[in-house]
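Q: Could you build all of it, start to finish, from the sequences and the hints given here?
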Amino acid sequence: GKPGGFAKTTFIINGGLECGVNPPNKDSEKVRIASFKKFCDLLGVAPGDNLSCQTSDFPPKSAYFTDSGNTTSADSTVPTKGQCGGANYDGPTECADDALCVKINDAFSECVLKSAL
Numbered sequence: 001g002k003p004g005g006f007a008k009t010t011f012i013i014n015g016g017l018e019c020g021v022n023p024p025n026k027d028s029e030k031v032r033i034a035s036f037k038k039f040c041d042l043l044g045v046a047p048g049d050n051l052s053c054q055t056s057d058f059p060p061k062s063a064y065f066t067d068s069g070n071t072t073s074a075d076s077t078v079p080t081k082g083q084c085g086g087a088n089y090d091g092p093t094e095c096a097d098d099a100l101c102v103k104i105n106d107a108f109s110e111c112v113l114k115s116a117l
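Per my numbering, the very first residue in the sequence shown carries number 1; after that it's consecutive.
A few of these clues could be false.
Pairs of lysine-lysine residues, derived as PhoX-like cross-links and limited to a Cα-Cα distance of at most 25 Å, are as follows [to be verified]: (1) Lys103 - Lys26; (2) Lys26 - Lys37; (3) Lys38 - Lys103; (4) Lys103 - Lys81; (5) Lys114 - Lys81; (6) Lys114 - Lys103; (7) Lys26 - Lys38.
FRET-style restraints, in silico, Cβ to Cβ [to be verified]: (8) Leu43 - Ala87: 30 to 36 Å; (9) Asp41 - Thr9: 17 to 23 Å; (10) Asn88 - Ser115: 28 to 34 Å; (11) Lys37 - Lys114: 27 to 33 Å; (12) Lys114 - Val31: 23 to 29 Å; (13) Leu113 - Lys26: 39 to 45 Å; (14) Val45 - Asn25: 36 to 42 Å.
Hints are computed from structural coordinates only; laboratory data are not their basis.
Glycine included, each C-beta is placed from N, C-alpha and C at the ideal position.
A: So, in C-alpha cells, the structure goes:
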C-alpha cells in the first residue's frame with residue numbers, strides 16, 4: 001500500500017483541522033481514531049500502529065511544487081490521488097488545477113486537493 005495509512009487518510013479528510021503542529025481540533029482526531037479501532041475490532045482486524053496524524057510521519061511538513069517550465073497538455077496532468085513524483089519516478093509531475101504535488105516520502109509524491117491542505 002501507499003505510505004501514510006490512517007494518518008494520511010485523516011490528513012486528506014480534515015488536514016488543517018486535525019493534523020500538524022498544534023491543530024485547532026485535536027479532540028476530533030481522538031474520536032476518529034477511537035471509531036476506527038472499534039470498527040477494526042468488529043471486523044476482527046488489527047488497526048495498526050501510530051494512527052495519529054499529529055505524531056506519525058504524516059502529514060508532510062510542506063507542499064512542494066514542480067515547475068519544469070514546460071507547457072503540459074491535459075493528457076499529462078496527474079489526477080487527484082495520483083503519483084506526481086518520487087525517486088525513480090519519470091511520469092507527469094503537474095497536478096490538476098485543484099491539487100498540489102505533496103511529497104509523502106522520498107519514493108512517493110501524490111496529488112492532494114488544495115482544499116485538504
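Q: Now, for every hint given, state plainly whether the structure supports it.
A: A quick look at each hint next to the structure:
| no. | hint | in the structure |
| --- | --- | --- |
| 1 | Lys103 - Lys26 | holds, 24 Å |
| 2 | Lys26 - Lys37 | holds, 17 Å |
| 3 | Lys38 - Lys103 | violated, 31 Å |
| 4 | Lys103 - Lys81 | holds, 12 Å |
| 5 | Lys114 - Lys81 | holds, 12 Å |
| 6 | Lys114 - Lys103 | holds, 14 Å |
| 7 | Lys26 - Lys38 | holds, 19 Å |
| 8 | Leu43 - Ala87: 30 to 36 Å | holds, 34 Å |
| 9 | Asp41 - Thr9: 17 to 23 Å | holds, 18 Å |
| 10 | Asn88 - Ser115: 28 to 34 Å | holds, 30 Å |
| 11 | Lys37 - Lys114: 27 to 33 Å | holds, 31 Å |
| 12 | Lys114 - Val31: 23 to 29 Å | holds, 26 Å |
| 13 | Leu113 - Lys26: 39 to 45 Å | violated, 22 Å |
| 14 | Val45 - Asn25: 36 to 42 Å | violated, 27 Å |
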